[in-house]
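Chains E and Y, in that order, give the protein sequences. All residue numbers for the first sequence refer to the numbering used here, where the first residue is 9 and numbers rise by one. All residue numbers for the second sequence refer to the numbering used here, where the first residue is -16 and numbers rise by one.
Any given hint could turn out to be false.
[Claimed, not checked] Covered by chain E, per the in silico footprint, the following chain Y stretches (three or more residues, Cβ under 8 angstroms): (1) 73 to 82; (2) 102 to 110.
[As the list claims (entries may be wrong)] Every beta carbon over 10 angstroms from chain Y, so not counted as near; a handful from chain E, in silico: (3) Val90; (4) Trp190; (5) Ala226; (6) Ala257.
[Unchecked claim] Examples of chain E residues lying across from chain Y (beta carbon under 7 angstroms, computed): (7) Arg24; (8) Asn141; (9) Glu308.
Because the hints were derived from the structure by calculation, they are not lab data. On a predicted model such as this, the values are computed, not experimentally measured, just so you know. We put the beta carbon where it would ideally sit given N, CA and C, even for glycine.
Residues per chain, in single letters:
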Amino acid sequence: MTTVDSPAIARDTHTRVNPVWQVQAELMKIRTTRLWWFFFVGILLVSAVALLRNGAAHHYELFPPLDQYPENERAQAAAQAVQSATDAGHAAIAADMLTSGQFLGVLLAMLLGVLSTTGEYAHKTAASTFLTNPRRGAVIVAKLAAAVMVASLLWVISTVLDFFVTPFYLSSQHIHMSLATWVPVRSVLLNLLAYAMWAIFGVGLGALFQSQVGAVVAGVGVYLGGAGAVLLIFNLIYQAYHHTWVLGAPVIAPAVASLVMITPGRAFDHAPPQWAGLLVMVGYVLTFGIAGLLRTRRREI
Amino acid sequence: MIILAALLLIGGGVYWLTHREGRRADEPRFGTGVSAPAVQVPAPPTGEPVEIVVSGLTKRYGEVTAVDDLSFVVRPGRVTGFLGPNGAGKTTTLRVLLGLAAPTSGTTTIGGKRYGDLDRPIRRVGAVLEGTSAHPSRTGRDHLRIVCRAGGVPMERADEVLAMVGLTADGRRRVIGYSLGMRQRLGLAAALIGNPEVLVLDEPANGLDPHGIRWLRDLLRSLADQGRTVLVSSHQLAEVQALADDVVIVSAGRLVAHGAVDSVLDSLARPTRTLVRTPEPERLREQLGETAVVTPGPGTDIYVSGMDAEQIAEAAQRAGVAVYQLTTERPDLEDVFLKLTGGVAT
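Here chain E stands alone, though its shape is the one from the complex (with noise of 0.2 angstroms):
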């Protein structure tokens, strides 16, 4: 074979490394693994039965079956109803309807992250890639853009699902408003953020470890476990001090800054508002993603 023979290396007079390449060919490792099938299907599910779950919940927040409650707890039930039937209390129904799945989904896009990372290692694929560029840092920032770029996508079908459903709920509950208010609508882009934002801190994460699986355990642990335990620890320190900022403090806990970031109001009683839930975030994301492209800099292949 000659030059004349590799028709795709006399078409190559490319001199220099275009970051581009990497972040397509980082696109390209997704898509080419089964693991592209288990994210989609993961979406859809979770999607539909955080749909079922929500509905369900602001249905009875509307219609609370007031007979069935415990004395003492009729007048509060009532108060909520009261609450729900008005015109913020329909956007929130609304917002809360619209992100439906967001809870797991953006869990999702955070496995996402690890997955893409420790997967080179796992796979002994590493060496192959930083081979091919040897400027770590571009990886990263390639894998940070094209796990982004997924989790977005993963946003975009739980979204377009949610979008389908809720029109159909909120008429069947006798709420009629337009999604196109300002509420809903933040709700669902604050969202696109949370998905970009834990896919990020996977991404950070993953490089972080060895292990494909103590750094997927430790994923889930900070986001699943970490919020609850957080929220219990400063439940007991609030009983002992009763100072009421203590309550809001669990937005420390990644998962509860991402709750709080999305919820329009106050995502549970003392939390603080929402730009304190996206500073956190941002903190967190910023830590992480940091920290792995550092680390992945140093480490030895």
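Got chain E; can you put chain Y on it based on the hints?
Just chain Y, lined up with the frame of chain E:
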């Protein structure tokens, strides 16, 4: 309950996806009655001949010194064997050379540049490292296309290199079904994607059957003949003897010998000796004179060193002594290697 079910689903799915083992293909293609493909010589390098220079390289892991002040040069147009027993520091040296590990001290350059400073490494250096592989659930062709994409080489090159290593028919199968030999070929295909001037191959013959090794030898030879620089590590002595023009021998991280395979043999092995089968050894010994060192061999045979076979034959003719056999014995690389590395070769 929903969260628990979702977690179980996610956990099970991740586990299944990351730990699934599929059926491996039978060791196919070579050595099973199917002949190896003829080597299709790839395009010649476009740039200048490139030297690999390792200079004063030391690499320590804590208290362990894996590579100790190692220096050598790999010349273009030659196949250079990088030989040493397991644990001698070969793979560590190659990893530092390829920018995958940082040296404790010393430098490694390819064409005068560190690997990380090459503008487009895929077009300058192709490498196959031991322990490197493709994702098992990806097809071989997709693996190569990803390398093409990341390196900025047109995607059709993946099909070209698949054909070059004889994997076209298996390109759309998942790597998990590949035999070890097929994975080696896939690694070589990836190394050839950028049509590089330098090839660095770590134990490339592992998993290849005799037909595959012959194919590899022909491929490396053709690449070197085109002026490329080819560095091949191995702990298989006969393999390096068969493949290499030059040899760099390391042991315990230190350079033991470096040069053309023949000159390393000549300079480091014990002198050659000639087995002489004759019915009159004493008369022949008298005729050979003092320059020859004669030692007893089996039966009436003698070993003669200090003279070559031609000189011995002439002396026998002058003395009228019958000689039935003259056999020059040369030590092979394995003898030299075992001697130099303390006999710890595997």
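Practice item. Give me the numbers of the hints this structure contradicts, sorted from smallest to largest. Key: none
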